[in-house]
Amino acid sequence: MDYKTYTIGEISKLFDLSVQTLRYYDKIGLFEPEYREENNYRKYKFEQCYKLAAICHMRQLGYPLKTIAEIMDNRNVETSLEEMQNRLNYINQEIEHLKNTKNILKRKTDFIKAELSHADFMKTSIQEFGPRYYLPIGAEEILYRDKSFYLNPTIVFYQNSERKFGAYLGTEKDLKPPVTNVKEIRAGKYLCALHRGGYTEIWQHVLALRDEYRNLELEDWSLHFNIIDQFVEKNPDHYLTKIQIPIKA
Numbered sequence: 001m002d003y004k005t006y007t008i009g010e011i012s013k014l015f016d017l018s019v020q021t022l023r024y025y026d027k028i029g030l031f032e033p034e035y036r037e038e039n040n041y042r043k044y045k046f047e048q049c050y051k052l053a054a055i056c057h058m059r060q061l062g063y064p065l066k067t068i069a070e071i072m073d074n075r076n077v078e079t080s081l082e083e084m085q086n087r088l089n090y091i092n093q094e095i096e097h098l099k100n101t102k103n104i105l106k107r108k109t110d111f112i113k114a115e116l117s118h119a120d121f122m123k124t125s126i127q128e129f130g131p132r133y134y135l136p137i138g139a140e141e142i143l144y145r146d147k148s149f150y151l152n153p154t155i156v157f158y159q160n161s162e163r164k165f166g167a168y169l170g171t172e173k174d175l176k177p178p179v180t181n182v183k184e185i186r187a188g189k190y191l192c193a194l195h196r197g198g199y200t201e202i203w204q205h206v207l208a209l210r211d212e213y214r215n216l217e218l219e220d221w222s223l224h225f226n227i228i229d230q231f232v233e234k235n236p237d238h239y240l241t242k243i244q245i246p247i248k249a
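Start counting the sequence shown at 1; every next residue gets the next number (full-length UniProt numbering).
Simulated from the structure, these hints should not be mistaken for lab results.
As the structure is a prediction and not an experimental result, all values here were calculated from the model.
Cβ atoms here follow ideal geometry from the backbone N, Cα and C, with glycine treated the same way.
Label-pair restraints from in silico Cβ distances:
no., residue 1, residue 2, range
1, 170, 144, 21 to 27 Å
2, 90, 4, 35 to 41 Å
3, 51, 116, 52 to 58 Å
Assemble the whole structure, with the sequences as input and the hints as a guide.
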């Protein structure tokens, strides 16, 4: 190997970078060869390895190429330390975001698994619940632009055929860290049943339950928990919804 100059293939092996990557760095002006031979072969000086090592270092730290190019143009100890501190701050923010995402995924998977573990499609029952909590969202027209819809199990309140949506948070022990704008689902006894299928048939299912259990004093609203929905199942026929109709105290 010529220790004064390197071909693009030799640089590729030295840094374990693909030739395509080096050509792209050349194309965007991030790392260009010292000169080109008449046949357009790229030639690099040994001293250029320091610059490429700095680029590789920043890539390992997750810097985008555009930011690396800006840093390389103005690099000194002061600017490098400042940029590294900025990167640390960004990484800490990303860690918090990932922790929150992990907690959201765990809550949602735990919710689905717990509901499926005791799902009985043939049984309608009366169950008693303590206070439960949710974030109100509102009508379907605003549902899809609310972030909480995507991050929590969905609940739907029916009053007659009117629907209002919310994001289910769980019981009091699940409210960590504290969440603002939280509403309480009242404690008490509920008539409970499972509905399998699309959402358009749910209202008829509720009416059938009210008719079958007309001996009970039922409130004029009902609560619905999406267990299997469009986020985990593409076929609406396989959707699973828990229906809960409150019984008057």
